[in-house]
Amino acid sequence: MKVSLEWLRELVEIELNGEELAETLTRGGIEVGSVESLSEGFDNVVIGQIKEMEIHPDTDKLWLCRVNTGAAVLTLVTGAQNLLVGDKVPVALAGAELPNGTVIGEAKFRGIVSQGMLCSAEELLLDQGVGLERSEGGILILTPEAPLGENLADFLGLKDSVLDLELYPNRPDCLAMVNVAREVSSLTGAQVNLPQWAQAEKLGDELDLPQAQDVKIVIDEPELCWRYAGLIVEDVKIEPAPEWMQRRLRAAGVRPINNIVDITNYCMLELGQPLHAFDRDKINGAVHVRRAYAGEVLTTLDQVERKLETDMLLIADEKSGLGLAGVMGGLDSEVTPATKRLLVEAAHFAGVSIRRTSRRLGLRSEASNRFEKGINPYGARATLGRVRELLVETGAGRPIGYVDEVSYLPPLPEVSVSVSRTGDVLGTEVTAADVKDVLDRLNFLYTEGQDGFAVKIPSYRSDIQIEEDLIEEVARLTGYERIPTTLPAGDLTQGMRTLSQEIRLRLRQALIRVGMNEVLTYSFTRPGADRKWGKAEQAIVLMNPLREELSVMRTSLSPGLLDVAARNLSRRNTNIAIFEIGNVYLSEEQTLTQLPQEQLRLAALAVGKSERHWLSIPVDYDFYFLKGVIEEVGREFGLSFNYKALTEEDLLHPGRSVEVYLGDEKIGFLGELHPLVAKEWDLERAVVFELEVQPLIEQAGTTVLVGAIPRFPAVQRDLALIVSKETPAAAVMAKIRSLGGELLQEVEIFDVYTGKPVPEDRKSLAFSLRYQSLARTLTDEEVNELNSRILEGIQQEFAAEWRK
Amino acid sequence: MKEEVSRIEGQALAELAQAGSLEELQDIKVRVLGKKGSLTAMLKQMGTLSPEERPALGQVVNETRDRLEQAWAKAAQSLEKKALALRLEAERLDISLPGTMLPHGHQHPLTKVIEEIENIFLGMGFRIAEGPEIETDYYNFEALNLPKEHPAREMQDSFYITEEILLRTQTSPVQIRAMEKLYPELPIKIIAPGKVYRKDDDATHSPMFHQVEGLVIDKGIRMSDLKGILLNFSRRMFGPSREIRLRPSFFPFTEPSAEVDVSCMLCGGSGCRTCKGTGWIEILGSGMVHPRVLEMGGYDPKEVTGFAFGMGVERIAMLKYGIEDMRLLFDNDLRFLRQF
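Listed in order, the protein sequences are those of chains A and B. Residue numbers are given in this note's numbering: position 102 of the first sequence equals residue 102, and the series is strictly consecutive. Residue numbers are given in this note's numbering: position 238 of the second sequence equals residue 238, and the series is strictly consecutive.
A portion of the hints provided could be inaccurate.
Said to hold, decoys possible - 27 Å max Cα-Cα, derived BS3-like pairs, lysine-lysine: (1) A/K159 <-> B/K276; (2) B/K195 <-> A/K535; (3) B/K112 <-> A/K2; (4) A/K535 <-> B/K302; (5) B/K112 <-> A/K627; (6) B/K302 <-> A/K456; (7) A/K609 <-> B/K112; (8) A/K2 <-> B/K29.
Since the hints were derived computationally from the structure, they do not count as laboratory data.
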């Protein structure tokens, strides 16, 4: 809501300037987004008159004008071709900074100095209107009466400041100037000067006019239209509205059109009741408020033929539609220069219906906005009274009667507020006098009781329905700063994370500890991005996505990580080790009838290698790196994972991928991307894993039982074996363990070697074995014997060769 | 023979003085003082002397031996010292080289801020509640006093999946879920961090972002308690000298409602670009829980009162780290992430 300060001052006494008022309103709960001075940019822009003109000696594209600005005669150079000697024009003197940002100085044009600039309408951000004659072809030409030398903003009446209110949905009343004035009065204690018609809002208020007998209103949809009132006007004379009205409309952001349209807009801005004027001679018979028929069409004011739907509310006569209720009038019943008789509509339409229609047709207006947010159903007749006043005052027409059909008027509530409860809720001392003072400032009627007040809520404050609403009025009008700072009394509570929350926190920390970087990607992605990563058939699709690329809820985290990797690589961030912990969303139903599964996942991706460093060889971000990361997660939570060769071979490298198991439960995968898939992301290679987190949480070890530290010395033996290339190291290791029995405390693999002298189809595996007894010192003989037994067993099982 | 002893001593002393290494010293020791050493040999020759001469020579040899042993120890000490000095010199490092690179990953600034917020509230006795990101219209709106077609629903443009199921636009539905779960427990003191979704996308809005909701319900909870908790939070989050101020506002699920500003952490309140010259920065919305919301959660508004608040994590992260474009937070450029 744009509020003209000049207009507001007519309705309430204001001692503050624009900025101060903005601060007061904002602190009072009516947020002011900006304060704009209409004269900004017009300093040093004055009215001049062209005395002489001649062509620039060097080019016929420029004119040299001698311009009288009252104080001096200046030489100004212009390229505009629409000037005549004697024209009144806006002159920007050196030093001006125009509304469009142009800074004016003295400038040379082909050797001739221009002592300022003649301005166009665009440079001054001026539309057509009072005082402006024409601007086609270049410079803005002012009306001949424009006083020489006067500041242009003064002449055009641009002295006003405009406050832009950013209203919360609970205060639609402030979409009316009179209610903003009431708010200012409540906050500052200043006197309101609301005229009679602003206060009259009861059903029975007479318009001092006869009820029209020859106009019939039929409300066919009482649910969607509570009230339909109209003013009947004869002897209409269409002309421009008075200058002051146009100026105020423009300040409010409404374009002046003609006296009738302007008066309806002016009254809407002033009182909050949207109005529409129909040419009464175009109305055939009774006026109906009904739903559109299936297939019905209406050409609206903007000359667009609209296909209507049956839930759209229509104002219609007995033959055809006259306008879309609350949204836009019809072209056929529009007020034209030939219009002689009017029906001025002041109705109450249901916001729900108006919102739906205006959305569907993409038509939003000051009127539809007010209906959507909710207007005062009691205000119709009072507004028509104001329309009548202005029609008469400006000679625009002769009101002769009115109609007023009412289908429903909500009762005005009486709300009680307890003084002690007010203090209890706010945590501050509140006296009956405090509450009374607030109610007085709000100009509410009330009766005082034992511990409080019964308050009659005026019709324009539909937001006040319960005691808490009145407590808020007390709080905001006495100032939130009066509320002290305390801490809740009552029982002490212990703040702690749940086990699951704790484990998720540690999971993140474990990954960061080993050098992984956390990323956060959107939960929605493009259709098909998940392919076989996730479960496309379980994907949840948004009804109204922001755009196609963000239209499907992810069923896998991996594609998002691949996007991040590709983006980083394109920016030459070549070494990437990233992870994300987040939900995927899986639906069991075609169309959701209940909430889908949100499954927490951990995914990681690695490309490249660790950064180069003088001391160490970079670690390749390969399959084994991410396997190591998974193993670190296992160490963190005392879990050991099992791996099985991956059967799905479209996405991952068939020789470099596994399914990851926790016990018997498959919880995810790990692998290098299939080269063809990697190519889709412009990647050479990348390794990915994705695991479900819930099984980790459920099986994470939460207790540690300490084992005894051996008192007897351990014996170390190394064992190098040559086996076929296909033999899994883990199988050999498992066999060693089973052969070694309980004296074999530990087996580690410390070297894997292929190449000469090992035959091409074979590899060398070197294990380090640690023998130890908790009960005694082992002798060399028994260790040697055990070691030989292991060696023999391995040789048999794997056709292994001992590499001495 | 005495002359011979004295010659051995003289030669040994000369050799000790010349010895350049511990090995040489050891060699001298063996040659002179060892079992087969020249001085020891003198004692073995004592048999050729008369019994009267023997004690005198014995004494001479023993005294010589003592002197030589002392001299030897001294020489050894000095050589060890030299060797140590040499070793230390030889082992000199270029101490300007960087140390071993240990793995070091980086936490995303948003989860980092969430963790920090969580820890502050855990310290004040709050627990952490959670709820689904895909929500029903009932929990996201209706139970929060936002019936269908309420104009305030327009404040949030939502992503719908069906007419009844949507991506939650706020963490506030967790308020209702927590009340339903905990009823009739008192007090309720929870925060609920999480992802939320709205149809916005520009430098200050992201279609997915994070909020932290807070809810306290008990007998006799006052708006002044809200102020106290939030002042405490603001000081721990933004610095001990911060102040807060409450401004009237509107949320359908609180009444009275307040916007909370914190004194600018950059200029300290004197006015700068970040606070647009006002000295204050809006950080969260809050208010006393609306009686209808308490009822929806199963609690009797005549018996208990409560307050609730909600803050945008992105906004706090941007203020804290001086991030100007929200999109950086979801761009995941490693050069950005490695700064945290």
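- Within a Cα-Cα threshold of 27 Å, do A/K609 and B/K112 meet the stated pairing? Roughly 26 Å separates the two Cα atoms, so the pair holds.
- Query: If you draw a straight line from the CA of A/K535 to the CA of B/K302, is it 27 Å or shorter?
  - Reply: The given pair, whose Cα atoms are some 49 Å apart, is violated under the 27 Å limit.
- Item | Pair hint outcome, B/K195 versus A/K535 [Cα-Cα no greater than 27 Å] | Roughly 22 Å separates the two Cα atoms, so the pair holds.
- Query: Does the alpha-carbon distance linking B/K112 and A/K627 stay inside the 27 Å limit?
  - Reply: 26 Å, holds
- Verify the proposed pairing of A/K159 with B/K276, using a straight-line Cα cut of 27 Å. The given pair, whose Cα atoms are some 25 Å apart, holds under the 27 Å limit.
- When you check the alpha-carbon spacing of B/K302 and A/K456, does it fall within 27 Å? Within the cut-off at roughly 23 Å; holds.
- Message: What's the verdict on B/K112 and A/K2, does the C-alpha distance respect the 27 Å limit or exceed it?
- Response: 41 Å, violated
- Task: Decide if the proposed pair is consistent with the structure: A/K2 and B/K29, CA atoms, cutoff 27 Å inclusive.
- Result: At roughly 108 Å apart (the allowed maximum being 27 Å), B/K29 and A/K2 break the hint.
Checked against the numbered hints given earlier, the structure breaks hints 3, 4 and 8 and satisfies all the rest.
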